[in-house]
Amino acid sequence: MMESNAGALLNPWLSMWTQPRRTMRQVLETDPERLVLALAAIAGVSRALDRASLKSLGDHLPLVAVLGLSIIGGALSGMLLLYLFGFLLRWTGRWFGAGGAAPQHVRAAIAWPNVITCWALLLWAPQLLLFGKELFTTETPRLDANPGMTLLLLGFFLLELVVGVWFIVAFLKCVGEVQGFSAWKALANVLVAGLVMVAPFAILGVIIAVVAS
704 MMESNAGALL NPWLSMWTQP RRTMRQVLET DPERLVLALA AIAGVSRALD
754 RASLKSLGDH LPLVAVLGLS IIGGALSGML LLYLFGFLLR WTGRWFGAGG
804 AAPQHVRAAI AWPNVITCWA LLLWAPQLLL FGKELFTTET PRLDANPGMT
854 LLLLGFFLLE LVVGVWFIVA FLKCVGEVQG FSAWKALANV LVAGLVMVAP
904 FAILGVIIAV VAS
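My numbering puts the sequence shown at residues 704 to 916.
Note that these hints are calculated values from the structure, not bench results.
Mixed in with the good hints, there may be bad ones.
[Said to hold, decoys possible] Quick list of simulated restraints, FRET-style, between CB atoms:
no., residue 1, residue 2, range
1, H763, G883, 43 to 53 Å
2, G883, G835, 29 to 39 Å
3, R797, V909, 20 to 30 Å
We put the beta carbon where it would ideally sit given N, CA and C, even for glycine.
Build out the structure end to end from the sequences listed, making use of the hints.
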């Protein structure tokens with residue numbers, strides 16, 4: 704992922720793919736709060752659709768309900784995660800020597816790499832038209848009867864996988880830019896913040912299991 708030093712104004716919807724650090728600097732210098740909530744909501748919808756597919760939610764709900772829950776619940780969870788994870792990244796970042804980045808800057812670093820997620824989300828439109836509810840069900844009779852459709856679905860999956868890896872790289876570079884870290888140090892901070900976030904739920908689960916046994 705090459706970074707250019709040219710001084711021209713960037714289009715973040717395109718430059719985030721190839722110049723994430725410079726794009727992040729431009730966002731911070733202009734308006735770090737612009738579109739942050741919208742991008743976080745869109746990212747939440749994307750994650751919710753992926754979870755609905757992995758959990759075969761269509762086995763229990765009609766397609767309209769699956770999509771509605773993914774859009775509404777995903778958007779709300781995305782915005783909540785923006786603030787929660789932003790707080791944790793600032794907190795754990797101090798353990799790694801971060802210089803106290805402003806909260807809105809950290810939230811911008813979390814949100815803006817999701818322009819890549821927005822492009823990936825567009826792939827859901829042709830998939831829904833082609834595969835319908837079978838994207839969210841355990842049983843897939845139409846796909847099973849058509850190897851060509853199965854290969855096409857695999858192609859979509861591989862494309863989404865590539866985009867997902869690209870997003871992770873851009874995300875780490877944006878977090879690193881805001882906190883003064885390398886991408887590798889940003890990765891360590893993200894992992895620690897993630898552990899801090901899930902630790903209370905893991906401890907609660909263990910306590911419930913012990914009490915119930």
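Unmet hints by their number, sorted upward, for this structure: 2
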